[in-house]
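Spelled out from the first residue to the last, the chains are:
2 protein chains.
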Amino acid sequence: MNYPNGTKKNNLLVNHHENINYKNRGMTLESEINSSNEYYRTIDKAYIYKKPTPIKITKVDYPSRDKAVIKEAFFTIPSTTDYNGIYNSKYIDFEAKETKSTTSFTLNNIHPHQIKHLENISKHGGIAFIIVRFTTLNETYLLPSEKLMFFINNINRKSIPLNYFKENAYLLNDGYRPIIDYLKVVDNLIGGN
Amino acid sequence: MNYPNGTKKNNLLVNHHENINYKNRGMTLESEINSSNEYYRTIDKAYIYKKPTPIKITKVDYPSRDKAVIKEAFFTIPSTTDYNGIYNSKYIDFEAKETKSTTSFTLNNIHPHQIKHLENISKHGGIAFIIVRFTTLNETYLLPSEKLMFFINNINRKSIPLNYFKENAYLLNDGYRPIIDYLKVVDNLIGGN
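From first to last, the protein sequence lines stand for chains R and Z.
When we follow this note's numbering, the leftmost residue of the first sequence carries the number 12, and every step to the right adds one.
When we follow this note's numbering, the leftmost residue of the second sequence carries the number 12, and every step to the right adds one.
Note that these hints are calculated values from the structure, not bench results.
Any given hint might turn out to be false.
A pair counts as met if it fits within one copy or between any two copies, since identical chains are not told apart.
[Stated by the list, open to error] Derived DSS-like pairs: lysine-lysine, alpha-carbon spacing no greater than 30 Å straight-line:
1. Lys61 - Lys82
2. Lys169 - Lys111
3. Lys134 - Lys177
4. Lys177 - Lys158
5. Lys56 - Lys177
6. Lys70 - Lys127
7. Lys62 - Lys82
8. Lys127 - Lys177
9. Lys70 - Lys111
10. Lys56 - Lys158
11. Lys108 - Lys169
12. Lys108 - Lys158
13. Lys158 - Lys111
14. Lys78 - Lys108
15. Lys158 - Lys78
16. Lys70 - Lys158
17. Lys62 - Lys127
18. Lys158 - Lys67
Pulled out of the complex, with its shape left as it was, chain R reads as follows:
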């Protein structure tokens, strides 16, 4: 198991008096990643953004010349993953998902073309991965796309067991700034560790 942030969460709670550990309670994985990305931008470390939700707009009203109101639209299946950007000259691409399960992560949480997308990115020299949070366990893992592809291509199961994460993914601990320092793991991936 990997501990890129160095400390376990319990130690962090004992040693620090920042109120962030309380503030984080109830934050979704998405909001924690968005906040971390904002912090990375603030310190000019990386420019990684969440893509807007893809929708198909079917009706728009123009109550005035400059103001458009969308009156009917539908959510559509995303072509790619939710997050991408640049860090240390590298193209970064990932998807983030939560699961309530305490034993496994169901693969149909990710669209097949998103998995293909991650594989393409990796093949073309980008850093691709998924971040999965087991909310009930409060454990968050970063699984590199190579390990994801290995599972899909070699193991005939529709869900990835928690143990596969424990053995092949990096555990991401909560921190203060950023809340999830997933670029520390990316440093390892770039370094080939």
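Assemble the complex: chain R is given as a structure, and chain Z must be docked to it using the hints.
Just chain Z now, kept in the frame of chain R:
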């Protein structure tokens, strides 16, 4: 002036019997870029996508369990540019705009934070640029972000004259597949030419 595609458009019209030159008429720059990106993906050359239009959703109906209908939403200002992705291990990022002017491109067509974004990408090792089409002239240029920043930082004008494009940008000719082969120019930018 740079002619990365080798031939001028008029030659292309004379020498080729592909019907694409007629089909292109009336195609917007956006649809041509989308089509070119799709082609690049088909031949496994690059994975560059247009981001979804950012909107703020204020009302959603759920007529049935699995079907959500957005009933009210508003267009919001994008945080970044429209297009990004990976090519040849490089992070690619750009914005595409059309203008009817025959003399200049008004800078307020691009949000200041988009310009800042392009500058950040470039600083961090990505390939950043804008593609501008002068629709009346039917001329399309790729202007590297460094040249864009030079203009903004050194020349006190609110619009970039066509001549600045002629001297500092790359002319993009229409082709068959892809319709706009802007990655040829990116090859030059990566090679440092």
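Hints breached by this structure: 6, 15, 16 and 18
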